[in-house]
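Take a look at the letters that make up each chain.
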Amino acid sequence: MVVSTQLIILIVYFFFIIFLGILAMKKVKGSEDLLVAGRSLGMMFVSVSIAAEYMGGLGTIGTAEVAFSQGMGVIWYHIASACGLMLFGFAFAHYYRKYNVITVPEYLYYLYDIKSWKAASLLNVIGYWFFTIIQMTAMGSLVASVTGFDLKWSALICGVAMTVYLLAAGMWSVAFTSVAFMLTIGSGIPLAFWWVMKYEIPLLSTSGGIGGFAGLANALTASGLNAEHLLSPFSLGFMVILGYFLGGVLGIPAAQATINYSFGARNWKVARLAPVLAAILILPLSIWTGSMGLYAKAAGLTTNPKLALGATLMNINPIIGGIGIAGIFAALVSTVAGILFGCASIMAKDVWQRWLHPGTDDKYLTKWTRLWILIIGVSSAFGAMTLPKILHQAYFVYSIRSALMICVAFGLWWKAAHPNAAFWSMLVALVGGTMYQFSIPINFNAFFHLHIAIWCGLLSFITFIIISLFSRWTAQTANELPPMVYKKNKERR
Amino acid sequence: MYTYLFPEFLKLDLIIWGVLIIVFILFARYIHKLPGEAILKYKAKAIENKKRLGIKIYKI
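Sequence order for the protein chains is A and B. Counted the way our numbering counts, the first sequence spans residues 1 to 493. Counted the way our numbering counts, the second sequence spans residues 1001 to 1060.
Since the hints were derived computationally from the structure, they do not count as laboratory data. A few of these clues could be false.
[Claimed, not checked] Label pairs and their in silico Cβ distance ranges:
id, chain 1, residue 1, chain 2, residue 2, range
1, A, I22, B, W1017, 35 to 41 Å
2, A, P358, B, Y1030, 36 to 42 Å
3, A, I11, B, W1017, 31 to 37 Å
4, A, F448, B, I1021, 35 to 41 Å
5, B, P1035, A, F448, 46 to 52 Å
6, A, K98, B, H1032, 14 to 20 Å
7, B, H1032, A, N443, 50 to 56 Å
8, B, W1017, A, G237, 21 to 27 Å
[Claimed, not checked] Just so you have them, the derived chain B footprint on chain A, three or more residues with Cβ under 8 Å:
id, region
9, 75-87
10, 265-276
11, 280-291
No residue lacks a Cβ here, since even glycine has one placed at the ideal position from N, Cα and C.
Please model the entire structure based on the sequences and the hints provided.
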């Protein structure tokens, strides 16, 4: 193990986060405090939590990876995500908040019926469970690259630490730490970007001794690359940019992990406004990470695109690099925490309390929520440690959130939206997504070149319209009554 | 020699950032001006659908 300055900064930061999470513990008195922070989060907590959750491994290491191989066109990733968040704020947030929902599937219950709610709960739990495993693997690989620890053990340690900190205070833990995360991401990554641009690029023999993008362009040209193309905002091509936009718009308004902080907002005004502020916060991230990815390429620090950002940060001034690595670490931790927490809330609230054990009262729900955080967290940590790579592909179930978004949007704004359509469009998206992911029976990707989330969204969109038009409304439609426990809860309040 | 010191994409991004901040300020003002119970006026399609079907509506 190599003890570097970066490692020391990271370890100190790690304990600081766990300390913050445990500090939030005294705020928790009932299940509502654990699940939605007592619905008392203010503007800062909500917007920062949403932004921090959204800036995950894909938004930092992933964007640097794309920039490393395909150029700065990757800035559209966060512009598109910002559009998705704004759409959520303008058009969806107040509906969710008005119904006092805790999970997205729960909202489908209000819009449709019991079977859509059950289907959505199951799909969400499976998708997020796998996604937690993947994100824990990503976090483990970052820690492994800094510490020189074994990848498997890093994944396990990170996963267990995340579980402990979520167990302490649920959404309060996340909200508390998100502010620290945002400060770290918002200072560490731009600081590292500035350092690279101002001091590292002139040091490259090929840059002509000048800094900034001019020096970067010189260095790229000297490596035999097309600098004009790599530095163009359109280097990825129109279709990829369109894909980012569709992915952002389809992916965010029904993604439990991203938007559940809006459910914890103090009132509907905060719930609406906070996602718009979060959109502004995430916007510039890919400029910074993308430029550092390109620097890694120009300086020849690595040949593996996935390591571009990490290699840059390990090769610059150790303090600046350490703060930058802490920033990426914060981005990963906040995403893992958000996803693990989203998965556990759906499991505890929807599957466990509403569906399987309608008699569970509030005191026990708090215990069950904690138990589910523990089960999902520890099993995912072990999963990140041991599961073979191929199983990681199952995370595509997570793309089902685009089908959920279609269901929510139709339910809100289309009078003819039929409960059967909601159920079947989710099912078709799942089956179609499986076929797409595993190329059964043909390689669809070769024909359509679509991201799987867009593919699932498209399938569910078509299915929804067709089934809605051909289903008849009768008194038997959606005639199952909600579980009694819900009514009791509401009366008591 | 390239002149990338303030490249095109950075300008583009700054413009988008500026637009977003303006939108945020306008939206914040709009939301702030709405009365607290304005949320009740938004149509709840779920309730509408259930009313149409004659399904029992639980108070939310």
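Each hint, compared with the structure:
A beta carbon spacing of about 36 Å between A/I22 and B/W1017 agrees with the range 35 to 41 Å that was offered as a hint. Distance hint check for A/P358 and B/Y1030: the Cβ-Cβ separation is about 41 Å, which falls inside the suggested range of 36 to 42 Å. Checked against the hint of 31 to 37 Å, the pair A/I11 and B/W1017 passes, with Cβ atoms roughly 34 Å apart. With their beta carbons about 37 Å apart, A/F448 and B/I1021 fall inside the hinted range of 35 to 41 Å.
Roughly 48 Å separates the CB atoms of B/P1035 and A/F448, a value that falls within the hinted 46 to 52 Å. Checked against the given bound of 14 to 20 Å, the beta carbons of A/K98 and B/H1032, roughly 18 Å apart, stay inside it. About 52 Å separates the C-beta atoms of B/H1032 and A/N443, a value consistent with the hinted range of 50 to 56 Å. Between B/W1017 and A/G237 the beta carbon distance is about 23 Å. The supplied range of 21 to 27 Å therefore holds.
Counting residues of the region 75-87 of chain A whose C-beta sits closer than 8 Å to any C-beta of chain B gives 4, which meets the bar of three, so the coverage hint holds. Note: the region 265-276 of chain A has 6 residues with beta-carbon separation from chain B under 8 Å; the three-residue rule is met and the coverage holds. Check result for the region 280-291 of chain A against chain B: holds, 4 residues qualifying (beta carbon to beta carbon below 8 Å, three or more required).
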